[in-house]
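Using the sequences and the accompanying hints, generate a full structural model.
All residue numbers for the sequence shown refer to full-length UniProt numbering, where the first residue is 1 and numbers rise by one.
Read the hints as simulated data drawn from the structure, not as lab findings. Heads up, some of the hints might be wrong.
[Unchecked claim] The calculated lysine to aspartate or glutamate pairs, modelled on EDC-like cross-linking and capped at a C-alpha distance of 16 Å, are:
hint	residue 1	residue 2
1	K200	D233
2	K220	E189
3	K200	D232
4	K85	E26
5	K40	E77
6	K44	E56
7	K85	D20
8	K51	E90
9	K234	E196
10	K44	D55
11	K200	E189
12	K218	E181
13	K217	D206
14	K217	E181
[Said to hold, decoys possible] Computed spacing ranges between beta-carbons, pair by pair:
hint	residue 1	residue 2	range
15	K220	E19	46 to 54 Å
16	R179	D18	47 to 55 Å
17	E202	D20	55 to 63 Å
18	T175	W229	15 to 23 Å
19	M28	F184	58 to 66 Å
20	E77	D20	22 to 30 Å
21	S27	Q72	18 to 26 Å
Glycine included, C-beta positions come from ideal geometry on N, C-alpha and C.
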Amino acid sequence: MSDNRKYYYLKLKESYFDEDAIVLLESMQDGMLYSNILLKLYLKSLKNGGKLQLDENIPYTAQMIATITRQQVGTVERALQIFMKLGLVEPLQNGALYMSNIELLIGQSSTEGERKRRARRALQEQKALPEAVADKRPPYRADICPPEIEIEKEIDIELEIKREGEIKSGQTARTPLGRYENVFLSEKELAELQTELPGKWEYYIDRLSGYIASTGKKYKNHAATIRRWAADDKAKGKPKKGIPDYSCKEGESL
1 MSDNRKYYYL KLKESYFDED AIVLLESMQD GMLYSNILLK LYLKSLKNGG
51 KLQLDENIPY TAQMIATITR QQVGTVERAL QIFMKLGLVE PLQNGALYMS
101 NIELLIGQSS TEGERKRRAR RALQEQKALP EAVADKRPPY RADICPPEIE
151 IEKEIDIELE IKREGEIKSG QTARTPLGRY ENVFLSEKEL AELQTELPGK
201 WEYYIDRLSG YIASTGKKYK NHAATIRRWA ADDKAKGKPK KGIPDYSCKE
251 GESL
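Pasting the structure below:
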């Protein structure tokens with residue numbers, strides 16, 4: 001049975017304890033206690049987006065914070081005053097406290113999602129290594145990979161999976177063309193247009209490129225749009241681009 005619960009965690013930078021506010025905090029009398037309380041409050045506020053609340057209607061009081069951090073009430077009250085002066089905590093209108101910069105520290109995941117990511121990543125790394133090297137590699141540890149790197153790797157894996165799916169389904173990558181590089185055609189589509197519209201295919205690609213850039217309009221299939229435009233022009237008998245012929249035969253006048 002899969003576990004779909006969300007798990008929240010702090011993403012502390014390597015330089016977290018070197019930041020001015022933390023250095024000043026820990027240099028104070030009882031500063032290490034304050035630093036410990038601060039980290040506990042960050043953790044307690046994660047699931048509420050940085051707000052220190054027991055639920056939507058009940059904000060944490062100093063007494064409640066003292067209980068959950070296992071510190072004296074007086075120590076907590078002094079810590080909160082210092083946090084506010086350093087800009088680490090802000091009071092809200094409903095009486096709750098908000099942990100500043102919490103959005104830079106929040107990460108979230110689920111055991112099911114982590115399991116799937118580990119499996120995809122392990123498969124991807126296995127495919128990228130020589131067989132002899134891959135067999136000697138230790139099992140993948142998701143817990144030693146920073147969240148930022150996990151996100152980047154997951155995006156790369158998803159893109160690779162998408163590309164593999166396109167290849168299996170017979171689709172090919174499309175190249176950006178036109179003056180504004182916003183007309184996308186596969187090699188096959190471009191070759192077909194060059195055959196069907198000799199001497200005109202570049203004109204229609206640039207025409208579509210300019211139209212998309214100026215209007216922001218989107219088309220599901222650019223090759224089909226070009227064919228439709230060419231067919232409409234042909235039906236209207238649109239004259240070819242060039243210099244008009246103003247010459248006249250003998251006995252005629254302009």
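Status of the hints after comparison with the structure:
no. : hint                    : verdict
1   : K200 x D233             : holds, 12 Å
2   : K220 x E189             : holds, 14 Å
3   : K200 x D232             : holds, 14 Å
4   : K85 x E26               : holds, 14 Å
5   : K40 x E77               : holds, 15 Å
6   : K44 x E56               : holds, 14 Å
7   : K85 x D20               : holds, 13 Å
8   : K51 x E90               : holds, 10 Å
9   : K234 x E196             : holds, 13 Å
10  : K44 x D55               : holds, 11 Å
11  : K200 x E189             : holds, 15 Å
12  : K218 x E181             : holds, 14 Å
13  : K217 x D206             : holds, 15 Å
14  : K217 x E181             : holds, 14 Å
15  : K220 x E19: 46 to 54 Å  : holds, 50 Å
16  : R179 x D18: 47 to 55 Å  : holds, 50 Å
17  : E202 x D20: 55 to 63 Å  : holds, 59 Å
18  : T175 x W229: 15 to 23 Å : holds, 20 Å
19  : M28 x F184: 58 to 66 Å  : holds, 60 Å
20  : E77 x D20: 22 to 30 Å   : holds, 23 Å
21  : S27 x Q72: 18 to 26 Å   : holds, 21 Å
Taken one by one, the earlier hints all hold for this structure without exception.
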